[in-house]
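Undergrad: Each protein sequence line maps, in turn, to chains L and P. Note that my numbering has the first sequence beginning at 1, numbered continuously upward. Note that my numbering has the second sequence beginning at 522, numbered continuously upward.
These are calculated hints, taken from the structure and not from any lab test. These numbers were taken from a predicted model, which means no experiment stands behind them. The beta-carbon is built from N, C-alpha and C at its ideal position, and this holds for glycine as well. Don't take every hint at face value.
Stretch by stretch, here's where chain L covers chain P in the computed footprint (C-beta under 8 Å, at least three residues) [to be verified]:
#, region
1, 604-615
2, 654-662
Distance ranges between label pairs, derived from CB positions [what the hints assert, rightly or not]:
#, chain 1, residue 1, chain 2, residue 2, range
3, L, R75, P, A1013, 35 to 41 Å
4, L, R307, P, E916, 24 to 30 Å
5, P, P1002, L, K273, 21 to 27 Å
Negatives, chain P to chain L, calculated, CB over 12 Å [what the hints assert, rightly or not]:
#, residue
6, E546
7, E736
8, R810
9, D843
10, P844
11, G846
12, Q1048
13, A1096
14, P1097
15, F1102
16, Q1143
17, A1159
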Amino acid sequence: MKTDLVRLEIFKHLFASIPEEMGAVLQRASFSPNIKERRDFSCALFDAQGEMIAQAAHIPVHLGAMPLSVQAAIRALEFAEGDMVILNDPYQGGTHLPDITLIAPIFHAGDLVGFAANRAHHADVGGMAPGSMPIAHELVQEGLILPPTKLYAGGELQQGVWDIILRNTRSPWERAGDLRAQVAANRRGVERFAALIAAQGLETVQHYSAALLAYTERMTRTLIAAIPDGAYRFEDYLDGDGVEERPIKIAVAIEIKGDQATVDFAGSDPQAKGSVNAVYAITLSTVYYVFRCLVDSEVPNNTGSLRAIQVLAPEGSVVNARPPAPVAGGNVETSQRIVDVLLGALAAALPERIPAASQGTMNNTLIGGWDPARQRPYTYYETIGGGMGARPGADGPSAIHSHMTNTLNTPAEAMEYAYPIRVTRYEIREDSGGAGEFRGGDGLRRDLLLLADATASLLSERRSGQPYGLAGGEPGRSGRNLLLRGGDEIELPSKGEVELKAGDVLSIRTPGGGGWGRAPK
Amino acid sequence: MRIGIDTGGTFTDFVVFDPESKHIETFKVLSTPQDPAAAILEGLGRPEGQSARDLVHGSTVATNALLERKGARTALVTTAGFRDVLHIGRQNRPALYDFFADPPAPLVPRQHRLEVAERIDYRGEVVTPLDKAAIEALIAHCRTHEIEAVAVSTLFAFANPAHEQAIAERFRAAGFPVSASHDILPEFREYERTSTTVVNAYVSPVMGRYLGRLETALPADRLQVMQSNGGMIGPQQAASEAVRCILSGPAGGLVGAQAVAAAAGFDKVLTFDMGGTSTDVALIDGAPRSTSDASIGGLPVNVPMLSIHTVGSGGGSIAFRDPGGGLQVGPQSAGADPGPACYGRGELPTVTDANLLLGRIRPELFFGGQMALDTARAERAFNGLAAELGIPPEEAHLGVFQIVNAHMARALRVISVQQGQDPRDYTLLAFGGAGGLHAVELARELGMPRVLVPRQAATLSALGMLLADATKDYSRTVMLPGATEFTDVQAAIAPLIAQGQADLAAEGFAAGEIRIEASADIRYAGQSFELNIAFGESLLADFHAAHQAAYGYQDPQAQVEIVNLRVRAIGLVEAPQLPTFTKTKVNLEEALIGRYPVRFAEGEVETPFYAGERLGTGAAFQGPAIVVRADTTILVGAQDRAEVDEYLNLQISVGPA
């Protein structure tokens, strides 16, 4: 079949509208503030080989990782019509345990023709601490591990699987609602893809899904060809892993040769004892994200872009962990540092297009305990924005999520209705952005007053390190985690668990972005 | 005499209804963007007799003040520790994959975001008393900086407005116009409530000056203003709550569309209003849908408004080759300046140029022949694009037309399929300048059986204003458990109903002319998105059923929360009947302008062009054909059959692909 340029563009819209619609269903039907208010989820559509055809623009860190989920399901299972696979095993298609992925095979005339999949961050999947991002030493401590498993087989709910999942979380009513919403979203995706095939014919749909993958590959190759050939290196450090107090190095060499890029993380530190380890899927996602930002914004979100880029990450390193290493922070913290090193390397090649380092953390804050007013346990999870790095030609925005996440905050008023927590301060952290010709964005301060005793887990970064500046710009200020108790100000570690008493205030101060260019004297 | 007046970018439209004779008259005056009142006063210049006229106005003054950032110099007073909520928003960035995209700047800079010590909790109980003494310093700050409007938004003011009221009172006493969040949007979620309140403070003084000028110039007439929710309000309320009028004009279009469609016998309609730079689409299922979570120019404006989805594609959208060798259309637009290449100034190929080169627009017939089109210039623009793409120019013309239709089809899917509605059950109602050329192909693509192009396609918004009732919206977050006794829920909504009745009575509506629509936003406890359910004793059962219908499951055992109560009070006005025309013997040849070659996907076809105003009721013809009206052109495909109905609408039965 010959590819018609006009139909190619039309199919781009047809494919893209399916995950968009899945996302609308998932957001509206889900239960937890984390998914509904904060929109911590992604939806995508795949071909029969597990290549991603389209993804709705949701959460970047899910981007490169979702195809590996589908491929893991393909390796592990045989599919029948009406099946729905569930998984979160970071070593079999997942990234970290709270991200639960549901995958539905799509059949046409008895043949497997594709998959609809979605991933949502669940506020609790069991493990050592509320929120399932504890300071762990091995994966099994982080929560319930789900290898690729059928939640539905031939349309029938596997009640045993369902019960096991709900029995292993601190908030089963919420998990049940969110999982049902995920099922509904995938069903919508399956229906819509089947309808598209009925309308256009299978051969045409397959031809144009392949053509769009090739198109994105061409777009990416055009971009890479415009980067001067050469090897660009950079390295930066994580503050630590929460177990051992020492910085952890991430190193990268990006080699550009014609229209092909090789991204090699050789020289990065071995996997850590604590949970900052990233599985390969995370590392792939960050590379995908960085190159995606440099390509035209209208290009479809599919895996074609990765064909022009080879990603090498040493096995057993902090950027390609092996079992049984804990991984909760790899997804939410290390991913941000991997972006920092990729951008640091590319700044030498494309100085006019690369921003200085952004806050470089998601400031994961998890609080759980017993809610005396509502007489039930609760788990609160939130990530907090900070300063974005200054851009060549523009200051960095303040108080905003950068790079690998874009989740919404929980409104102070929604917090009080849901949890025994009162927000007492939520403001821009003045002068935390790095100085420069263009200033880095300022971080945030968020103060939470505990109305009942609780346990908090903190998983944050750039508490000792600082987001770098570029072209002579100053670094942004480090973040701080403080406990305000009585009149005391107690400095908390970047990662750790802390027992909180009613009346305590947990005060999170997030990092500023780096500056760009020398500050005027 | 009732007159609907819609200010548009090019024309200000007037639709005049005489209740005695039931006669409707329509005319247009060139708009005066620097001073929109001038065009209105010109149009109204000759009052017929001395009796007072009822004017209903759709104004772009509030919209433009917001979008062009020309509102009042505004200050915000808020709870200590929360002045940056307005800047932080929901902390998300506007574009995922763009390092250079910036969120919209807040309407109030940090220096004028003022804090006062106070705190109320979610139960409405005072945690920190209001520091009244501190208010004087804030007033001094506002005087020093010549602040023109003040927004007050404190946490949980909807649960207990005492602090906001005290602050507002002091500022009003000091001479400042004040917008308080418990008045404007008494609902939870502080950013959205604060943003809506600030937008109101920012645009209301501009609206107030504008309406004041109109009222002064028209002392004998009664002025009403169209709101975004499809109803009208009086000028005092419009001047103090201008945020309710942000989508004034488009809302009129939807009300007009609903009336025209209903008269023609269709209650399920997708509206399609394609302009030069953007296109509005909306779903009408008996009535237009409403939303309470809209955003305008990137800022949340959560007062109820008709649900309208806008995409950045229109007749002026530019076609180009991307680095991957693909053909794309928009979102860059040639706009009105330089405009499409054929307008004589632009160099880049647009959708309008494609329509011209496909023969669907005749240069000598465009805008009644008043605007010369440069075909050679359009050709040059397209030849350049085709060469870059390595395809024949003819393929590029048709391709651009088809691609922009794909954008439109996606927009129509968002408002239909994504909401669980099947477009095949709907009629496509096209209005606006550029819609008629795209409507049948779009309907075909979506499997829609019919296209309706109203007789009033070019003045539908002004017609809608004539048809609008007086509408007032009230709401309050109550967060009641589902187990609450129904009588207690009734008691909670009763003050809202009483307020609505009193406000309409004050505007002169008799009890029999007032209709109350009560509803509740309900969710399962723990969810953070609510479904709006009509108020009644079966509230909870209806919620479970609605959840089943919307999301495919329900859980009657789960805890339910009644989040917001809503009341809409409607003052009914006498709406004009649309005039009908009896069938006459139609001689199509009399309406024929000529036959010209038009290109379709199947090839070039000699196609009749008919003059729209000469097609009377009963005129019917098989496509291909093109109907030319003074302000719009309508394409009928070879598979389609068109008929002029008794209202002089063009109804097109859309054939299969």
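Undergrad: Would you mind marking each hint as holding or not holding in the structure?
TA: Results for each hint:
1. 604-615: Coverage by chain L holds for the region 604-615 of chain P (9 residues, Cβ < 8 Å).
2. 654-662: violated (count 0)
3. L:R75 with P:A1013: 35 to 41 Å: Because 56 Å falls outside the window, the suggested range is violated.
4. L:R307 with P:E916: 24 to 30 Å: Since R307 (chain L) and E916 (chain P) have Cβ atoms about 28 Å apart, the given range 24 to 30 Å holds.
5. P:P1002 with L:K273: 21 to 27 Å: violated (46 Å)
6. E546: holds (42 Å)
7. E736: At about 39 Å from chain L, E736 (chain P) clears the 12 Å cut-off, so the statement holds.
8. R810: With a cut-off of 12 Å, R810 (chain P) remains clear of chain L, as the shortest Cβ separation is near 14 Å.
9. D843: violated (6 Å)
10. P844: violated (4 Å)
11. G846: Given that some Cβ of chain L is not farther than 12 Å from that of G846 (chain P), nearest at about 6 Å, it is violated.
12. Q1048: Q1048 (chain P) not clear of chain L: closest Cβ-Cβ about 5 Å, inside 12 Å.
13. A1096: holds (35 Å)
14. P1097: holds (38 Å)
15. F1102: holds (39 Å)
16. Q1143: holds (26 Å)
17. A1159: holds (20 Å)
Hints 2, 3, 5, 9, 10, 11 and 12 from the list above are not met by this structure, while the remaining hints are.
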